[in-house]
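Q: Read off the chains here:
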Amino acid sequence: MKLSKRGSALVATGIAGAMVLSACGGGSSSDGGGSGEGGSGQVVFGEPTAFPENIYPFISAGNSTATQTIIGRVLPSAFNVSPDFSVTWDENILASEPTLEDNGGQQVNTYEINPDAVWSDGTPITADDFAFTWKANRSADPADGGCEAVLSTNGYANIASVEGGGDDNKTVTVTYTEPYADWQSLFSTFLPAHLMDNEDPTALCETISNGFPIADGIIDDISAGPFQVKKENIDVGGQIVILTPNPEWWGEPAKLARLVIQNVGNDPTTTVQGLQNQELGVVYPQPQLDLVDQLDGLEPGVENKITFGLTFEHLDFNTTDPILSSLPVRQAFAMALDRQEIVDQTVGQFSSDAQVLDNRLYVNNQPEYQDNAPDEYKSQNTAQAKQLLEGDGWVLGADGIYAKGGQRLSIRIDTTANNPLRQTTIEVMIPQLKEAGIEATFNANPDIFADVDKPTSLVAGGFQAALFAWVSTPFVSSNQSIYYSPENGLGQNYSRIGTPEIDQLLSQMVSEPDPDKAADLANQVDQALWAQMATLPLYQKPTLIAYQSSISNVEDNASQTGPLWNAETWAVSS
Amino acid sequence: MFFFTVRRIIASVLVLIASSFLVFALCAASFDPLAKFRQRQPPPTQEYLDGVREQLGLNEPFLVRYWHWLTGVLRGDFGETIGGTPVTDQLGGRLLVTGRMILLAIIIAVLLAVIVGVIGAVRQYKPSDYAFTFLAYVLIALPTFWFAAILKEFVAGGVNDLFGQQVLYTIGEETPGLSLYASGWELWSDRIGHLVLPTISLALLSFASWSRFQRSAMLDVLGSDYMRLARAKGLPYRRVVMKHGLRNALIPLTTVVALGIGTLFGGAVITEQVFVWHGMGEYLLQNGIGQNDINVVLGWLLVSAVFVVLFNLVADVLYAVLDPRIRLA
Chain L
1 MKLSKRGSAL
11 VATGIAGAMV
21 LSACGGGSSS
31 DGGGSGEGGS
41 GQVVFGEPTA
51 FPENIYPFIS
61 AGNSTATQTI
71 IGRVLPSAFN
81 VSPDFSVTWD
91 ENILASEPTL
101 EDNGGQQVNT
111 YEINPDAVWS
121 DGTPITADDF
131 AFTWKANRSA
141 DPADGGCEAV
151 LSTNGYANIA
161 SVEGGGDDNK
171 TVTVTYTEPY
181 ADWQSLFSTF
191 LPAHLMDNED
201 PTALCETISN
211 GFPIADGIID
221 DISAGPFQVK
231 KENIDVGGQI
241 VILTPNPEWW
251 GEPAKLARLV
261 IQNVGNDPTT
271 TVQGLQNQEL
281 GVVYPQPQLD
291 LVDQLDGLEP
301 GVENKITFGL
311 TFEHLDFNTT
321 DPILSSLPVR
331 QAFAMALDRQ
341 EIVDQTVGQF
351 SSDAQVLDNR
361 LYVNNQPEYQ
371 DNAPDEYKSQ
381 NTAQAKQLLE
391 GDGWVLGADG
401 IYAKGGQRLS
411 IRIDTTANNP
421 LRQTTIEVMI
431 PQLKEAGIEA
441 TFNANPDIFA
451 DVDKPTSLVA
461 GGFQAALFAW
471 VSTPFVSSNQ
481 SIYYSPENGL
491 GQNYSRIGTP
501 EIDQLLSQMV
511 SEPDPDKAAD
521 LANQVDQALW
531 AQMATLPLYQ
541 KPTLIAYQSS
551 ISNVEDNASQ
561 TGPLWNAETW
571 AVSS
Chain D
1 MFFFTVRRII
11 ASVLVLIASS
21 FLVFALCAAS
31 FDPLAKFRQR
41 QPPPTQEYLD
51 GVREQLGLNE
61 PFLVRYWHWL
71 TGVLRGDFGE
81 TIGGTPVTDQ
91 LGGRLLVTGR
101 MILLAIIIAV
111 LLAVIVGVIG
121 AVRQYKPSDY
131 AFTFLAYVLI
141 ALPTFWFAAI
151 LKEFVAGGVN
161 DLFGQQVLYT
171 IGEETPGLSL
181 YASGWELWSD
191 RIGHLVLPTI
201 SLALLSFASW
211 SRFQRSAMLD
221 VLGSDYMRLA
231 RAKGLPYRRV
241 VMKHGLRNAL
251 IPLTTVVALG
261 IGTLFGGAVI
271 TEQVFVWHGM
281 GEYLLQNGIG
291 QNDINVVLGW
301 LLVSAVFVVL
311 FNLVADVLYA
321 VLDPRIRLA
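Residue numbers (UniProt numbering), protein chains in the order written: chain L, 1 to 574; chain D, 1 to 329.
Calculated from the structure, these hints are not laboratory results. Quick caveat: nothing in here was measured; it's all calculated off a predicted structure. A few of these clues could be false.
With a straight-line Cα cutoff of 30 angstroms, these simulated DSSO-like cross-link-like pairs (lysine-lysine) come out [unchecked claim]:
| no. | chain 1 | residue 1 | chain 2 | residue 2 |
| --- | --- | --- | --- | --- |
| 1 | L | 231 | D | 243 |
| 2 | D | 233 | D | 243 |
| 3 | D | 243 | D | 126 |
| 4 | D | 243 | L | 454 |
| 5 | L | 517 | L | 434 |
| 6 | L | 386 | L | 434 |
Computed spacing ranges between beta-carbons, pair by pair [stated by the list, open to error]:
| no. | chain 1 | residue 1 | chain 2 | residue 2 | range |
| --- | --- | --- | --- | --- | --- |
| 7 | D | 142 | L | 527 | 43 to 49 angstroms |
| 8 | L | 84 | D | 188 | 45 to 51 angstroms |
| 9 | D | 188 | L | 122 | 37 to 43 angstroms |
| 10 | L | 488 | D | 21 | 42 to 48 angstroms |
| 11 | D | 310 | L | 431 | 37 to 43 angstroms |
| 12 | L | 300 | D | 159 | 22 to 28 angstroms |
| 13 | L | 405 | D | 30 | 38 to 44 angstroms |
| 14 | L | 305 | D | 76 | 49 to 55 angstroms |
| 15 | D | 310 | L | 195 | 44 to 50 angstroms |
| 16 | L | 84 | D | 54 | 25 to 31 angstroms |
Note that CB positions come from ideal geometry on N, CA and C, so glycine has one too.
For reference, chain D alone in the conformation it holds in the complex:
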C-alpha cells in the first residue's frame, strides 16, 4: 500500500508538470495582458507599456518564463497577478470559500445517493424506484443556473414570505456588515440562511447522478452468488444487504464521488456565480481568463489538480477500507 501510494504520487507530479506546461503554453500564446492599456484614453506612453512588458517578463523566451514560474512554485511562490498581488495569498482564501460552499453539500449528496440508490435497487421496479429514477433524471437534465434561479425565486421568496422576514438569502456568505453589530446566534443563523440554497442546489444536482451509480452497483451485488450463500446460511435479509451488499456496492461510487469532489474544489463555477460566492471558479474565470493573467490561471490549475489527485488517493485508501482483499495485496 505504501509503495503503491508513493508510485501514485510520483506519477501525479509528472502529470501536474505536463499539464502546467501545456496550459502555460496555451496562455502564453493567447493572453494579451496589455490589451486593456491600449483602450485607455489617452493611451499610456510606449515607455510605460515597455516597462509593464519588462516587469511581467513578457520579453523573455517562453521556456525561460516557464522555468521562472516552475522554480517559483517549488519555493511555494505562485507569482503575482498583473496588478501585483501575490497569487499564493489569494488562492488560500478562495479555496476556503469554495470549501465552505461544497463541503456540506457533498456530505448530503453522498448520504442521499447511497440511501436512494440502495432503496432503488432493493425495491427494483417498485413505485418508489420509478419515482426516484424520474426525480434523478429530471435533476440530471436541469441546467445549474436555471435550477439555482428557480430556488432563489420560489424557495427563497416563498420561505421569506411565509416567515414574514428574511430567512433565506440569495447573495454571498453572510449579510454584509452584520458582524459589525451582531454576534452569536444571529450571526450563525444568518450564515446558515445564506448557505441553504447553494447547498440544496449543489447537493441535489450531484446526488442525482451518484444515486444512479449506487443503484446499478447495488443491483450487480444483489444478484451475486455470495449474497445468495449468505441468505442460505440463514442471515437476516437486512443484515445481508447492509453488511455484504452495500459494502461491496460502495466501491464504484467511491471512485465517482472522489473524482467529483476533486473537481468541485476547482470551483462549482456556475453555483458560485449565481449565489455570488467568490471562490475558485470565479477566480479562474474572472481574475485569470478575464484579466489575461497567466499566473492566476496556472495557480488555479495547480491547486485544483492537486485536489483531484488527492481525492483519487483518498479513494484508493477507501477501497482498502471497503475491500479487505486490496489490503492484503
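Next up, chain L with everything else stripped away, as it sits in the complex:
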C-alpha cells in the first residue's frame, strides 16, 4: 500500500510517540547499587498483595503484608517469629536473651544490644533507638504529646520508661507501669532515633504521619539488616523494589546480589507461567486447588509446599438471636457437625496434614496448642444433639426439622461473598445439621464486615451464625477484645456473650509477662469458651510457597514475619 505524505507523517508521529513513551519507562537508574557489594545472583520474589503506598509499619498506610516483605530483613527487630511459630530473640541485633524481672510488681525487661550492631550509615544501634521507638508509638493523643496517626499503641502505652546504660549505651532497661504479656512483640521493627527523633512533638508527629512514602523509600536509605532498600532501587511505576546487601551488616552476609520484590498480583495463571518462564523465583500466592495442581506439573524444576498458617476459620453464634440464645441449641449445633468431614472437603484437599482445630487461641502447629475440645464435640454426635434439643423443649416436626412454639429450628449462616472455600464449608454443614433436625441455610453477606449502619453486619448484630476468619498469633493479648464480655464494650465479641470467669482469665492473661504462664491462661480461656459454646473453631487455612529448585534455603514462615524471614541465606545455583 502506498501511503500519502500526510498518512506517513501520521504513522511516523505515532511511532515516535511510542518511542518517547517507552523511553520514559524502566524507572530505576542504571548506576544503582548491586555490584561490588557481595553476594551473587538474583532472585525475584512475586508479591501477591497490593504494592504498599508507605513502608513505615506503624501507620495505617504502611500496615500491610507487602510492607513487611520489604522491611522485614532491612529494619531491625528484637524478637522474631520462627516458622514453627515460636518466638525467638534476634541473635544478630541482641548480645544475649532479654531478661524479665518482677521489680516489686513492676515488669522490667533488660535488653543487651550486640556491640557490633550499627545502622548502615555507621551510627551504632543504642538504647536511644529503643527509647525513640517507644516515644513514637506510646500515645495517639496529641494532648499527651502523642500523634494521631499512630495505628496502635498496644503495649507501648504500658511502658513507664526506656532507659539506656552500660558500655556505649548498649543496655536497655524497659520498665512497665502495667505488666504486658506480649512484651516480646514490642520493638519488633525499631526505628533510627538519630534520623527521626525530634524534641518538638508536633514536628515528630509530622515525621510519623508522613511515614516512609514508597517513592522516597526508607529515611536516608537506612538499614540495620542483611539487606538495604535504596531509593533508586524502588520502581513505583513497575511496582518493583530491589533489595541489595547492606555493606555494614555485621552478621552472616546475604548470599544474593539482588533480591527483587515484584508485585505480580494473585492471578494463578500469571504465577504459574511466570515460574515456568523463569521470570519468577519464589512466589507466595493464595492457595487454590487448580493452582496447586499446575504447580505440581512444574516439578522437579519448581518445588511447592503447603503449610498451615495462623489464619483459621470459625463459626460465631449470635447469642442475642432468639433461637441461638439457648445454650443447648448452640451445643446441639456444634455436636451435629462432622468437623473432620468439613476439613476433608475443604482444606484437606490441599494436604493430608489438615486437621480439625480444637482451640480458639492457638492453631494446631503452634507450640502452645492444646486440644481443649470436650469429647462430645470431637466427632459427629447426632444422637446427643437431638437429645439436647428435646431436653430444651424442641419437638421434631414431620419435615424432620425441630420446632418449638411454632418456631422452626432454622439457622442462616452468613459469610463473605465470593469465597468458594467458605461456601463449600457451609454446604458441607447443611446436610450434617439436617440429620440432627436443624435446618441451615447459606447466605453470602457482602456487608458482613461493614459498620453499624448496615444492619446485617457483625458489628450491628443482624445475623444468626457467621463463618469468618481470625488470625491467631503467638502474642495472646489480641484475643481479649474477641472474648471479653460485651459489658466492657463490644470490641470484636460478635457472639455477644461473656462470663466474669472468662473476663478474669483474660485480664490475667494479658498482664502475664511470663510466656509459659500466659499460654497456660490462654488455654484456660479456651476451655471456658468450649463450655460457653458461642464460637466454634473449624480449621486452619493453608499457605503455599513455590520456588525454582535452583534456589536453596527457601522455607515458608506462615506467621506475620512472612516468607522472606531467612532471605539472606537464599542462594542461586546456576
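Given chain L's structure and the hints, the job is docking chain D onto it.
A: Structure of chain D alone, referenced to chain L:
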C-alpha cells in the same frame, strides 16, 4: 471548525462534571474505607477511627465533600488516597504505563484493520475474504484473558525453547533489576521482549472488529456512482480504489478507532492484569474500588473521560482532513 471545537469542548466539560457527580454519589453511598480497620485484631480505638473519619472528610455532608473535590480538581489537585499519597502523582505514572502498552498495539491494529478490510472488500467472497472473515470472528469471540494465557503458554514457551534462552517475557515491562547492570541494546531488547506479547494480544483483538468496519465501509464506497464515474474517466483501478475509495471509507473507521483508543487509555484492564503492567485499569480496580478509595476512582474517571473526549475531537479533525466538504462547512 474553531467554534465547532469550542462548542464540543464546553459540552464535554459539562458531561465530565455530570458523570463525576454521579460516580461520586455512587462511591459515597457504597464505599466504606474504614472496613479494613474493623477486621484488625485488636481493632483500633474508636478515637482513632473517628480521627480517620474526620481526616477523610466522611463527616461532612455529601455536597460539601463533592464541592471540596471539584474545587481541588480545578486547582489540579485530585486529592489524596486513603493512605495519604497524592492521586495526581500516581495518575501520570499509570497513564504512561498504559500508554506504553497500547500505543504500538493501536498503530498495528489500525494498519492491519485497513489493509485486511480493503482486501476483503475488493476481493469480496474470494477465498482470502472468507479466510479473513473467519479469522476476525474467531478473534472477536476469544476472551482476552484466555487468548493472553495461550500466547504466554505457547508463543512465549515455544519461542524461548526455540532460541534456547529468554526472548519473550510474560510479566512486567522489563526484567526487574536489569537496568542496574545492563544498558544499551541488552536493555532495549529486553523491553521489546516484554512488549511483544501484550502488543500482539491487544493488536489482534482490536484489529478484528475494526477490520469488519473497514470492510463494510469499503464495500459501500465501491458500489457508489462516483467510483464508477472515476473508472469511466479512465483512471486506473488501483488509483480509484486508493484515492477515491479508501479515503472515503476511512471515515466510519475513524469514529470507531477514536472511541476505542479513548477507552483503552482508561486501561486495557484484563491485558494489564494478565501481563502484570501496573496501568490505569489496575489503578481503578485495585487501588480504587478494591480499597474503597473515592478519590482514586474519580481521578481515574476524569482522566480516562478526558481521553475519550480528546480522541473524539481528534476524530472530528480527521473527518475534516479526510473529507474536504466538512472543512468548507
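Q: Could you tell me whether the CB distance from residue 84 of chain L to residue 188 of chain D stays inside 45 to 51 angstroms?
A: Holds, since residue 84 of chain L and residue 188 of chain D (Cβ atoms, about 48 angstroms apart) stay within the stated range.
Q: For a C-alpha distance cap of 30 angstroms, please report whether residue 386 of chain L and residue 434 of chain L respect it.
A: holds (11 angstroms)
Q: I want to verify a distance hint. Is the separation of the beta carbons of residue 305 of chain L and residue 76 of chain D within 49 to 55 angstroms?
A: Since residue 305 of chain L and residue 76 of chain D have Cβ atoms about 50 angstroms apart, the given range 49 to 55 angstroms holds.
Q: Would the hint linking residue 243 of chain D and residue 126 of chain D be met if the CA-CA limit is 30 angstroms?
A: holds (23 angstroms)
Q: The hint says 42 to 48 angstroms between residue 488 of chain L and residue 21 of chain D; measuring C-beta to C-beta, is that right?
A: holds (44 angstroms)
Q: Starting from the hint 43 to 49 angstroms, judge whether the C-beta atoms of residue 142 of chain D and residue 527 of chain L obey it.
A: violated (58 angstroms)
Q: Take a quick look at whether residue 231 of chain L and residue 243 of chain D sit within 30 angstroms of each other, Cα to Cα.
A: Given pair residue 231 of chain L, residue 243 of chain D is violated - Cα atoms ~56 angstroms apart, limit 30 angstroms.
Q: Is 25 to 31 angstroms right for how far apart the beta carbons of residue 84 of chain L and residue 54 of chain D are?
A: Since the Cβ atoms of residue 84 of chain L and residue 54 of chain D sit about 43 angstroms apart, the hinted range of 25 to 31 angstroms is violated.
Q: Could you tell me whether the CB distance from residue 310 of chain D to residue 195 of chain L stays inside 44 to 50 angstroms?
A: Cβ of residue 310 of chain D to Cβ of residue 195 of chain L: about 45 angstroms, so the range 44 to 50 angstroms holds.
Q: Given the hint of 37 to 43 angstroms, check if residue 310 of chain D and residue 431 of chain L actually sit that far apart at their C-beta atoms.
A: At roughly 58 angstroms between Cβ atoms, residue 431 of chain L and residue 310 of chain D fall outside 37 to 43 angstroms, so the hint is violated.
Q: Is the gap between the beta carbons of residue 188 of chain D and residue 122 of chain L within 37 to 43 angstroms?
A: holds (39 angstroms)
Q: Does 38 to 44 angstroms hold as the CB distance between residue 405 of chain L and residue 30 of chain D, or does it fail?
A: holds (40 angstroms)
In summary, the numbered hints that this structure violates are 1, 4, 5, 7, 11 and 16.
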